[in-house]
Amino acid sequence: MRRISILLLLVLGCWHISGSGYMLAKAYLSQYMIKGAWEETLKDKGQHKPWSWADTYPVFELEIPRIDKHSYVLEGESGRNMAFSATHTSISGMPGENKSVIVSGHRDSHFDYLQHIKLGDEIIAKGKNGSFYYRVVETQIVDSKQKNILIKSKNELILTTCYPFDSLNTGGDLRYVIYAQSV
Amino acid sequence: MSKKLMETKNIRHQLEWEYQKKYNNQHTFQKEKKYKGLGLNWRDVVILALALFFVGMYQVQAQDFFDLDDIDTGMMLLYNESGNNYGALTLLSSGYDVDITGIVAEVKITQTFKNSSQNWIEEGMYAFPVAKNAAVHQMKLTIGKRMIEGEIHEKEQAQQIYDEAKSQGLAASIVKQYRPNLFTTDVANIMPYEKVTVQVSYQQTLTYDAGHIDFRLPLAIKSRYMQEKFLADENSLSSEELNLQDTNLPQTSVFDNQYRSIKINLEAGFELSELKSLYHDVTIDESNGLQTIKLNDTQLYDKNDFVMRWYPTTGNEPLAAMFSEKIDGDEFVLMMLLPPKNTKKITQKREVVFIIDTSGSMHGAAMDAAKDALLFGLTQINENDKFNVIEFNSFARELFNQSQNASPENLDQAVDFISALKSDGGTNMGPALNLAMEDEVLDEYLKQIIFITDGSVGNEAQLFKQISQEIANARLFTIAIGQAPNNYFMSKAALIGKGTYSNISNLSEVDEGMNDLFVKLSSPALTDVMVEWGIDVEQNPRVIPDLYSDQPVIVTARMKDFEKHILLSGLADKTIWSQPFNLNKDGDSIGIAKLWARNQIEDLTDDYMLGSYASETDEQLIKEQITNIALKYHLVSEFTSLVAVDKTPDMSRLVAIQAKTMKPEVEPVLAQAMYPQGSLGWKWQMMIGLIFISMAFSIRRRPR
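Here the protein sequences come in this chain order: Y and Z. By my numbering, the letter at position 173 of the first sequence is numbered 198, and the numbering carries on one by one without gaps. By my numbering, the letter at position 92 of the second sequence is numbered 611, and the numbering carries on one by one without gaps.
For reference, chain Z alone in the conformation it holds in the complex (with noise of 0.2 Å):
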């Protein structure tokens, strides 16, 4: 298998080869030894330490093999058969565009590389990491007087057009990703020197956390490390593995010369407390709230990446801004409400009603975890609030008939119904979950149900239909505890059951993470939030969360001509709170359109997977929504591809013919010499040395 790769010879096999190589080899580490297993004292493995630190010091800088995983900032890869090497072309300048509109960014980058070398070159490779939460939606890569564009097809269209393309040899690609958010597309021929011009935008939305907003661009440029395998054990390693590993490595001087700008328009919709960059130096002007940032170091070396954080000041109420972007007709409006600085405790009665998973799939340590995470929850509970426990594994059970008040002799009994839980059986969850929501929820009581589970579950179409009509007026809430749990489900579930879901992975922070979800259960800043419009909209999310201290709620929504102001209500510790919004910024903001049309496509293309559609035309309906949608905000989705197509097909096949005539193979090769040794090899021999002396010191010393 490997063999035939490498006779190919083709860079994104080679690369998805040592990726694969990468991810399957992880196990064959070797763990560290004790030092006693070895008959050591402390004056041997001080002495070993010190000499092994010398070793190590020469060691580590070592360069690392070349894969995906390092590609942490854009590069343009490639493969060259005459000179049989990989490599990346000079990176002469980047510089990166960004419009912020609250919390969307729309980015784009224009990067220009070169080929600086006499050769042609057959086969390359753009690789650009984009950030979590993003979505490309654009491409355009001129190479002398080709183009070739990144457009948006249905996918069968798309797999046509690249056939079409490949048959013809011409470049084509449909952007692929290996990793998440890494976005990779393929060029052919480059001539000798000649420029290569890579424009690529996407759309990230950027996230509320502990009062600030970051933004993000991907410009550390990372050591990269030998892997130990190559230092240590190659005995274990095949011939063939071995062979792979020494194919050349591409040149690492990819980030010489480079010129970069950066330029960001920011409209954070909130007067701000602070605006900083956090690594670099920048320029920060502003003009009626329209903030701009420009880098002024342009020539830089960069250990971290580009980040700008802000502040939006908040009061004492939760505070809402408002963009709109008018498109076609249509106008969309992006509401973002944050918390207010200080949430309070409410003084509102609470209902809560924990379910615990003790089927099969949590025996163990997550079992123990779950049951310390309950526990806990009860002490967090007052005499005056009601609570029940259910467990549910094959069946359900609970606790009491009916909530209960918290009162000493009901938590001893809770305590001793939890102690006695055992994990077995099978995941029956909507039992469980109709009995905590049948109960009609008690006058002045804000009912929130706790879900502990790893969600392990394979009917979620069905439970999130009977969570969605049986949720009423209570809140669901779910914890995932201990590693990989079905997030998917847990977060669905939360969204539909206007509460939240936390993932508590390390199970040593159980308590922690019990903390702060107590912390925030009794303290939400506004519920039963509530928008007017004033007019008929498309919303999304569908159904508006509850306002935390720890999380903002945004809502996208399209209409034909908006009012330009809203009307907010919501319930702030059982009083209603109202108030009204104007618009901030009026028809001219970018990004809104597409990212209502990203939630959109995400709520249907749920609804499609889900199979929560009642007959075949349904079906097809959701399939022709999505695909319109994305078409449309020329996005990527389940039913459509990002292509890249040859835009000048006759240049390109022009270029093919001279790459084939102008190969350097006009260069005959006269003859062949050996590589030199290339050290002389004084510093081991230094290092032995000392080690003897230090060996014989540490004997005079020691102790008769």
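With the rest of the complex left out, here is chain Y (with noise of 0.2 Å):
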């Protein structure tokens, strides 16, 4: 009987680990693909899948400088492409139009570095069109319960992530969320 258990707790831990561990992998591993993705992309400005079953697409990139940081942005704010990279939500729109764009990312993984990112920092999102360059002007921490992203006619990048970072579990309704216009 003491042996069952120890062995359920060991099979049920393990699995954890390893679930969390996937995850991981698959949120890492899946930037190289991404990345080969993106630079055919910016070699014939087509769409490229990073792997064949894929239904998403790079979109563009984003730099921030000063913390030397950047992510591959996808297609569609899926839950399932946001495991793989960060995503542009798809009725936002693009860098470079007169319309909000809206990017948003995990806080445990791709978009860890949304916290060090301060005001007055410099945010390039380079499309395959060219580079555009943000200035952030305002940090929010919202409630997602009782607020929408506006998307409004105006040239600025909004990126959004969970809040608090550190927090462990999952699900939770408050949003960091950062303001950028274009300069």
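Some hints could be false.
[Stated by the list, open to error] Which stretches of chain Y does chain Z cover? Using the computed rule of at least three CB atoms under 8 Å from a CB of chain Z, they are: (1) 34 to 41; (2) 48 to 59; (3) 89 to 99; (4) 112 to 121; (5) 176 to 187.
Please keep in mind that the hints were generated in silico from the structure rather than gathered at the bench. Note that the Cβ used here is the ideal one computed from N, Cα and C, for glycine as well.
Fit chain to chain and form the complex, with the hints in mind.
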């Protein structure tokens, strides 16, 4: 009886740990494939899936020079896409357009660096048609149950992730939002 | 109520509400449960503790909701209706210009904020924590081309100015205090990218403690933690409360890019054996007894307040320093008398009279502690000293008719008397004080009355009058035991009785507290201190207290033309001590007139509040005196307020109109998107896995 329960606990433990390992592996290994797809996109300006069965494709790249961080942004804000990289909300604008651009990522993987972004930081969105420069003007913590993200006709970049950054559990209602304006 | 406040969307209301809520909700926190009640053994506890430790590591760093208690440095708080969010303006720079003369510091703060967003800010509130013992006397706000200045006005007039400005839609505010020493004022309509400069001047008195004087500036930025109630039991809160908790938090990046400077001119008045900054790197220059202190690192993220500390070099004799300030034909003098380095036990015989409060309000632990204090006091009396014990509740009763020698027999009698004391009945202090003070002070004896009570009395004015009339050559020391004594009564009674007040709030520290007091009582550095000014003066305090090892004597005075030197005298263990002192610095010290006026107002306000005036015309006279001094020396008092007055009303009206027309409503919302999920949750999964594995190991190792 004791042996069985030990075995059971070990199996459960390993299962959970490998589960979390799998999430991380997915999040970081996929970056290499997305990188490949993005390089091809830059070459021929077309859409390239990172892997054959993917239903998304990289649309632009974010760079924050001061803290030396960057992210590939996938099209579509579905949970599945977010497991692989930061994502672009489909109904929002694209960099360079006169319409708010929304990019979201997980606070415990691709967007963990949002906590280090300060007011005044420069953010570069590198699309296939060139680079667009933004400057951070505001950071907010909002309750996602009470508010939506407003898409305006304005050249701005909105980055969102979960809040608080170091909370263990997932599924909280608070979001950390960074507003950056085109410069 | 709360819903309504949410709708009015006013930053002041919101903060006030949060503040009240916080203090009403404190009792809802649950206490920790002991593990044994759950039937766990220590092994389980260790594993659980480890697991909780990992969870805790991730949880505690979350940020707190914002409230007035969090304001530990100057902030411009704001509310933005169009964005429906609360926040704080970016602080660009803070400058502190400080002039310290002896124990009085004049501080001028200049802070510049910037609205770094493209939005108009409709409502702002400047908040600044001023130090204890500080009085704000000037304020100036510059917002682009607008200027708002704080003026001291008579209260009714201040209210009128305020109402008028409000009715015209102009920025106006009466300086308000939510908790002691938090200074706030309103600002309206800040343009996008506009800078706001705030200048606040305040005077602060410093205290001498254990041989040093500290000056502190509130620079520390405390990390804020999420409240337990938010993490733990959301169920216990009503939906309304939850709603309020979830309002958007202010941005916390206020402190980024901030540049600061600190410059202090220090005239200590004494030679210093040490001068240092406790936590910051500073440069100190000295010339002609004037120290100039500058902060070196101007870009800091501070964990500590800025504290300068200096140690005057004291010798074997009391040491005095004097400064003066000339204003409008009057000269104001500040005299500080420091105790010698080591105070010796005096050889003079003492008569110690203990008065103990045995009224109903002392019942319980306080009564026991008071008895302990008394018994301890008895052990501190020398055999050739005299003593007596008086108890009072509704009536007063004394141990001996007259103070007796502290012989073993008499002490035994006293112990019996004290042990039999019971707390019951009312608090009638008058007769007890009368019994203690009525006997004439015996020649060669120093009479010290030690009064142990919680000070819950109603007829303070009458008692003060009685003490000042009957104290003669005795000294009255008040001791409060336990929490929440009537501090005002206790300290004022001691002041009038030329003694000191000590509060022993922790009942387990009665012995230490009494020991400190007895050391002090047996070794006064100087009694019957007199200052001969050589000219008519208005001096404060009216009666100069004795000089003890732990506190200096501070005297301020107003006169026509100072002779530049005084003769100080007093008794040091029965022998006459007298010494001439010269003015350290003539005429151009800063802040002394204000300090004198503050002391004077405090005295007059006491008179007024206590009703110690003979007729209604006298009452009116005191009121006028207070008002006149407050207006002349620019001070907030019982009858005057600091009101912010818009000096550029036309400009402000223009800006208000602009704010209305240029609101970012021109930015239509095209669409709304939901916030996507924001975390993978791999840490949680990993955590659960680790817990399972550690449980497996713990079962394996458990002995059969």
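Hints, one by one, checked against the model:
1. Given a C-beta distance limit of less than 8 Å, the hint that chain Z covers the region 34 to 41 of chain Y holds, as 7 residues qualify and 3 suffice.
2. Residues of the region 48 to 59 of chain Y lying with their CB closer than 8 Å to a CB of chain Z number 3, which satisfies the three-residue condition for coverage.
3. Given as covered by chain Z, the region 89 to 99 of chain Y fails the check, having 0 residues with a CB less than 8 Å from a CB of that chain where 3 are the minimum.
4. For the region 112 to 121 of chain Y, the assignment as covered by chain Z holds, since 4 residues bring a beta-carbon within under 8 Å of that chain's beta-carbons and 3 suffice.
5. Evaluation of the coverage hint for the region 176 to 187 of chain Y: fulfilled, as 7 residues show C-beta separations to chain Z shorter than 8 Å, against a requirement of three.
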